[in-house]
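Chemist: Here's the letter readout for the chains.
There are 2 protein chains.
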Amino acid sequence: MRKVFQAELHQIGEELTQISQLVTEAMKKATQAFETADTELAQDVIAADARIDFLQNDLDERAIDVLALQGPVASDLRMIVGSLRMSASLERMGDLARHIAQLARLRYPANVVPANMVETFMEMARLDIAISELLTELLETRNLELSKDIYAHNTRINELHAGVFKAVASPDWDNSPVTTVDLTLASRYFERFADHGVSVTRKVNYLVTGEWQPISEGSV
Amino acid sequence: MRKVFQAELHQIGEELTQISQLVTEAMKKATQAFETADTELAQDVIAADARIDFLQNDLDERAIDVLALQGPVASDLRMIVGSLRMSASLERMGDLARHIAQLARLRYPANVVPANMVETFMEMARLDIAISELLTELLETRNLELSKDIYAHNTRINELHAGVFKAVASPDWDNSPVTTVDLTLASRYFERFADHGVSVTRKVNYLVTGEWQPISEGSV
Numbered sequence: 001m002r003k004v005f006q007a008e009l010h011q012i013g014e015e016l017t018q019i020s021q022l023v024t025e026a027m028k029k030a031t032q033a034f035e036t037a038d039t040e041l042a043q044d045v046i047a048a049d050a051r052i053d054f055l056q057n058d059l060d061e062r063a064i065d066v067l068a069l070q071g072p073v074a075s076d077l078r079m080i081v082g083s084l085r086m087s088a089s090l091e092r093m094g095d096l097a098r099h100i101a102q103l104a105r106l107r108y109p110a111n112v113v114p115a116n117m118v119e120t121f122m123e124m125a126r127l128d129i130a131i132s133e134l135l136t137e138l139l140e141t142r143n144l145e146l147s148k149d150i151y152a153h154n155t156r157i158n159e160l161h162a163g164v165f166k167a168v169a170s171p172d173w174d175n176s177p178v179t180t181v182d183l184t185l186a187s188r189y190f191e192r193f194a195d196h197g198v199s200v201t202r203k204v205n206y207l208v209t210g211e212w213q214p215i216s217e218g219s220v
Numbered sequence: 001m002r003k004v005f006q007a008e009l010h011q012i013g014e015e016l017t018q019i020s021q022l023v024t025e026a027m028k029k030a031t032q033a034f035e036t037a038d039t040e041l042a043q044d045v046i047a048a049d050a051r052i053d054f055l056q057n058d059l060d061e062r063a064i065d066v067l068a069l070q071g072p073v074a075s076d077l078r079m080i081v082g083s084l085r086m087s088a089s090l091e092r093m094g095d096l097a098r099h100i101a102q103l104a105r106l107r108y109p110a111n112v113v114p115a116n117m118v119e120t121f122m123e124m125a126r127l128d129i130a131i132s133e134l135l136t137e138l139l140e141t142r143n144l145e146l147s148k149d150i151y152a153h154n155t156r157i158n159e160l161h162a163g164v165f166k167a168v169a170s171p172d173w174d175n176s177p178v179t180t181v182d183l184t185l186a187s188r189y190f191e192r193f194a195d196h197g198v199s200v201t202r203k204v205n206y207l208v209t210g211e212w213q214p215i216s217e218g219s220v
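From first to last, the protein sequence lines stand for chains A and B.
Heads up: the first sequence begins at 1 in the UniProt record's numbering, then just goes up one per residue.
Heads up: the second sequence begins at 1 in the UniProt record's numbering, then just goes up one per residue.
I should point out that these hints are in silico values taken from the structure, not numbers from a laboratory.
Zero decoy hints are in this set.
Intra- or inter-copy, both count: the list cannot distinguish identical chains.
In silico SDA-like cross-links for lysine to any residue, where the CA-CA straight-line distance does not exceed 25 Å: (1) Lys166 to Ile46; (2) Lys166 to Glu119; (3) Lys166 to Thr39; (4) Lys203 to Ala68.
Can you build the whole structure from these sequences, using the hints too?
Modeler: Right, dumping it as structure tokens:
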């Protein structure tokens, strides 16, 4: 019984890591589609999101089976309930990558972002990708040291997000209303992606240490 | 043991309903603050969100205790895991009401919405409030008939949300870039609030019937 249980716990951990890898891949492709107005790549991301949803569902059903059949308690129980939460956050990160790809597809053949805002958005995208790579490593290794960089990246994304609104409010903002809407949504998607990354990070920290960290300036 | 268990299940159900009531109240006040640029009311919503977060946490801890101490199986287990999901969605609805209140406070003493868009936003707000009132009743009574109206309201909100972007894209859009950003975010908040309402509704339907409904046009 115990052996089956450990195997199931291990499998749940593996699936979480796998979802996190797929999310990273989705964000990489979405970013490239967004940057280069590549509609085929955007289409890939949109199609691949179904795989993330499937894996989340599979993980959740497995977790419920373990709860029913093994009746775990204490830290094992918290790990399983935590996995349900983390899978929901990761699934949402996949949705946000999909939304970014959808914006790219919607505006094709034009780029979503005007030339003078490209650097801001590419920095946000790079940071989001870094967050989701660190998250995969954190889920695999439980090395809590990785959390610091995730929190720092999130703080920087919040600054960039605020910077977008500052740029829009400046008197020399001369982009069209539609571009203004696109940038607002895109910036919000990048920022929410990082928020969910922080939320998974805090959950891993809680599961390892048994304590909630105070919410830092940069987190949600 | 069984009696304690039933009492705990009942308490979890009560807390869900209570959170849903607080969410309704938050959305009502946020809407009024948004409509009338009432900064004190906005402040109320922002402060009251902490109570929703506290109740969600309390419900979650109670659910984990029940899982640990009672080892529920089958439909009871699904009900408890479902409650964890529903509490997360309801908590997020509270956050979105808070974001709407924060927009109102940020723009005070001005209104967020220009005169010719007020009717659109007020309809979205009314529909969101209706969704969250229906949700409270659904959680209390498990009367699945109520779901139909929730789905219909969500479909209508999606239309209104699309209508905002259509208005922005029209050649006679003459609002400032900052107003364009505000309306984009506000419209997104109202739309996401309804999405979460639909997600809780689908969960209740699943728990009662044991089957997932196909995702309707209006749902997420």
